[in-house]
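Q: The residues making up each chain are set out below.
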Amino acid sequence: MSTDREVLDHLAASFPAPSTTESDLLADRLAAEAERAGLLDLAYRTVDSPVGPLLVAATTEGLVRVAFDSEDHAAVLASLADEVSPRILRSGRRTDAVARQLDEYFTGHRRSFDLPLDLRLVRGFRHTVISQLPSIAYGTTASYAAVARAAGNPAAVRAVGSACAHNPVPLVVPCHRVIRSDGTLGQYRGGSEAKATLLTLEQEAGVSAR
Amino acid sequence: MKPFEEVVAEHGPMVLRVCRAVVGPDDADDAWSETFLAAMRAYPDLRPESNVRGWLVTIGHRKCIDIFRKRSRTPDPVADVSGVVAREGIPDPVDTDLRAALDALPPKQRAAVVYHHVGGLPYAEVGAVIDSSEAAARRSAADGIAKLRHTYARGTPS
Chain A
9 MSTDREVLDH LAASFPAPST TESDLLADRL AAEAERAGLL DLAYRTVDSP
59 VGPLLVAATT EGLVRVAFDS EDHAAVLASL ADEVSPRILR SGRRTDAVAR
109 QLDEYFTGHR RSFDLPLDLR LVRGFRHTVI SQLPSIAYGT TASYAAVARA
159 AGNPAAVRAV GSACAHNPVP LVVPCHRVIR SDGTLGQYRG GSEAKATLLT
209 LEQEAGVSAR
Chain B
10 MKPFEEVVAE HGPMVLRVCR AVVGPDDADD AWSETFLAAM RAYPDLRPES
60 NVRGWLVTIG HRKCIDIFRK RSRTPDPVAD VSGVVAREGI PDPVDTDLRA
110 ALDALPPKQR AAVVYHHVGG LPYAEVGAVI DSSEAAARRS AADGIAKLRH
160 TYARGTPS
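Note that the protein sequences, when read in sequence, are chains A and B.
For what it's worth, our numbering labels the leading residue of the first sequence as 9, then goes sequentially.
For what it's worth, our numbering labels the leading residue of the second sequence as 10, then goes sequentially.
I should point out that these hints are in silico values taken from the structure, not numbers from a laboratory.
There could be a bad hint or two in this list.
Claimed, not checked - Here are the computed distance ranges between Cβ atoms for each label pair: (1) S170(A) - D75(B): 49 to 55 Å; (2) S59(B) - P61(A): 31 to 37 Å; (3) A109(B) - D90(A): 47 to 53 Å; (4) P115(B) - D17(A): 19 to 25 Å; (5) A153(A) - A18(B): 45 to 51 Å; (6) D32(A) - L55(B): 24 to 30 Å.
Just so it is clear, CB atoms sit at the ideal spot from N, CA and C, and this is done for glycine as well.
All chains, full assembly: derive it from the sequences and hints.
A: Here it is, written out as structure tokens:
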């Protein structure tokens, strides 16, 4: 080994990029240590589902966001970094319960979610609307007008529509059960096809359970 | 501001290579974890125009210094083990001659060599990390490489 070039080549070859396994182990350790140190403001994971991959993100308070693939998960994480905190890591621990309950829901074994929610992304009247939605029973639907009445503002039908369209925790807070008075489905954050899939799933699971 | 996860994904591999080259395989994971934990703590206050790569290497540099200090206080019980160092059953890919040659470098030269040639930092950034001018960082790295060439070449079959 006689030239600088050979020394440099050997140096570069001696410290190669870590393997995916090595990187994953270190990332897991970092997430665990950050959680212990109180630095993990947001933990997220993705969950496979019949309506496509779902991003689920939780603060120390509870579930703060469920996002469909069509929303672009990278863009959703970027906006969470701005609106909540940039201290975000992929981590299973905090999102275990939501992942399990979503699995149970999609296999027809769960009718309501039992999870702490963090609704900091919802303000004002929208908060009132979102808080009403869990009372719409599994397998049933309510109209935007009925939800407006229940929220104490019968004239606010459009505002109910927009609260549902911006629900940060769809599926878990069942805005898919709110439809138009004429029976058509109306809009949905995950697309109207996903809305139809969910309502069909709930009807079929509801029938087979009877 | 990017999610911190993206910072880890983008710069984590480079920081690990640098930690392995500076402190060796046994302490590199600790150095890496402490670096990113400290970075995550300070991240929300990082100015948007900051150079994230240089910022991370600066934190890593301090964590590696901490590890060297800790070592000098507690004698290493396996310091005199000769031959290939095994870690979790995987042989150390770095041959012991290169490791010994890196360990024998003066700290500033080792830092300059590693941050530039392993980490890929330009000399201006290396200088900012090790508290030197760009020219002095360049000189430290050149001196370090020359020393590696001499010490390391002796033990290596050609």
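Q: Each of the hints needs a verdict: does it hold here or not?
A: We went through each hint and held it up to the structure:
1. The beta-carbon spacing between S170(A) and D75(B), approximately 53 Å, falls within the hinted interval of 49 to 55 Å.
2. Hint check: S59(B) to P61(A), Cβ distance near 33 Å, so the stated range 31 to 37 Å holds.
3. The beta-carbon spacing between A109(B) and D90(A), approximately 49 Å, falls within the hinted interval of 47 to 53 Å.
4. Taken as a hint, the range 19 to 25 Å holds for the pair P115(B) and D17(A), whose Cβ atoms sit roughly 23 Å apart.
5. Between A153(A) and A18(B) the CB atoms are about 47 Å apart, so this pair conforms to the stated range of 45 to 51 Å.
6. A beta carbon spacing of about 25 Å between D32(A) and L55(B) agrees with the range 24 to 30 Å that was offered as a hint.
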